[in-house]
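There are 2 protein chains.
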Amino acid sequence: MSYAAESLPAANKAYQANFGSKASCEPFSRLKCIELTQDQQGSLPLPPGKKVAIVGCMDARLDTSAATGLHEGDSHHIRNAGGRAAEALRSLVISQELLGTREIIVIHHTDCGMLTFKSERLHDLIKKRVDPAHYPAIEQLAALEFGDLDKSITDDVAFLKAHPLILKETVVSGYKYHVETGELEKVV
Amino acid sequence: MSYAAESLPAANKAYQANFGSKASCEPFSRLKCIELTQDQQGSLPLPPGKKVAIVGCMDARLDTSAATGLHEGDSHHIRNAGGRAAEALRSLVISQELLGTREIIVIHHTDCGMLTFKSERLHDLIKKRVDPAHYPAIEQLAALEFGDLDKSITDDVAFLKAHPLILKETVVSGYKYHVETGELEKVV
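First to last, the protein sequences are chains D and R.
Under the working numbering, read the first sequence as residues 1 to 188, first letter to last.
Under the working numbering, read the second sequence as residues 1 to 188, first letter to last.
Treat the hints loosely; a few may be bogus.
Treat identical chains as interchangeable: a pair holds within one or across any two.
[Stated by the list, open to error] With a Cα cut of at most 27 Å, we get these calculated DSS-like pairs of lysine-lysine:
1. Lys13 x Lys151
2. Lys127 x Lys151
3. Lys127 x Lys13
4. Lys128 x Lys13
5. Lys13 x Lys186
6. Lys176 x Lys51
7. Lys176 x Lys13
8. Lys127 x Lys186
9. Lys127 x Lys161
10. Lys128 x Lys151
11. Lys168 x Lys128
By construction, these hints were calculated from the structure, which means they are not laboratory data.
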């Protein structure tokens, strides 16, 4: 069995039942403030209302909507292992050029798995279970791990501020999410 | 001004105030069911409790936690423009090899921006504002757009099922999220 087969249908039915109502919203949500009806939530426009794109880690303990107050309709949520900006570049260019976002919020977090290994260890683990024909593909897989959390945040913000394909007027900030308390601490 | 400077601090303070309590949870949340205290939510383990990794679009109208019932501690949330599996590969390998996930849920959605343009149009837009020295980098940027929503979902599920770096025993399913109603419709 799987989560998709066992639990997702009921969870999604509950979400649909509250779709657009206050009951599905959280403190400081834009949806709650203006008390959207189902029709209103169902016709939210494609471009993010707050003109924000979040670049955050995929980590299970981080909810980039709940922790920031950026709910349905407000912002793009781009997430990958570590919340690395370089891998988010394609999505950010589309977000800015076609959907009008002008602010980027980078979120990495305490106790991140990316602080605990090196690419070589990941490569060795995968090699144990695949045909040697795939070794070259594995060796090309850069894990984008990091050794220092604050530095990964300042590095990614600097990368975005300097990147020629990111609009010059973009406001870029970087936050450290504390998985122990829910705090978003501004780093840069 | 920016969302980060103006609104994020208060929104995050509200999140911290409810951290671990029922008040911050949603219907069918695991957190709600077991009524976590702040200490409990603050010490959730690094590996996702439901062993799931979501690959979803960055779209502002999609909340991959609320719509699936996969909340803090449950699953990885990997998101990019379109929810494309190929770009999620690095994150998925880390998710499976180092953090034990064994299920992948692909979520694309109706009214997706990726259905509305071609890479060439995106390239032309960027070229209007950057130095010609960057044209080669722009031309290498594949937007990974698609022309058919159902096909993009079945293609991405097939890509993951066939990929040598993805564990053979992985349960992979693909859903279409309806931005008009909140429904997750199973496609494959």
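| task | Identify every previously stated hint that the structure contradicts and give their numbers, smallest first. | result | Numbers 2, 3, 4, 8 and 10 - these are the hints that the structure violates, sorted from lowest upward.
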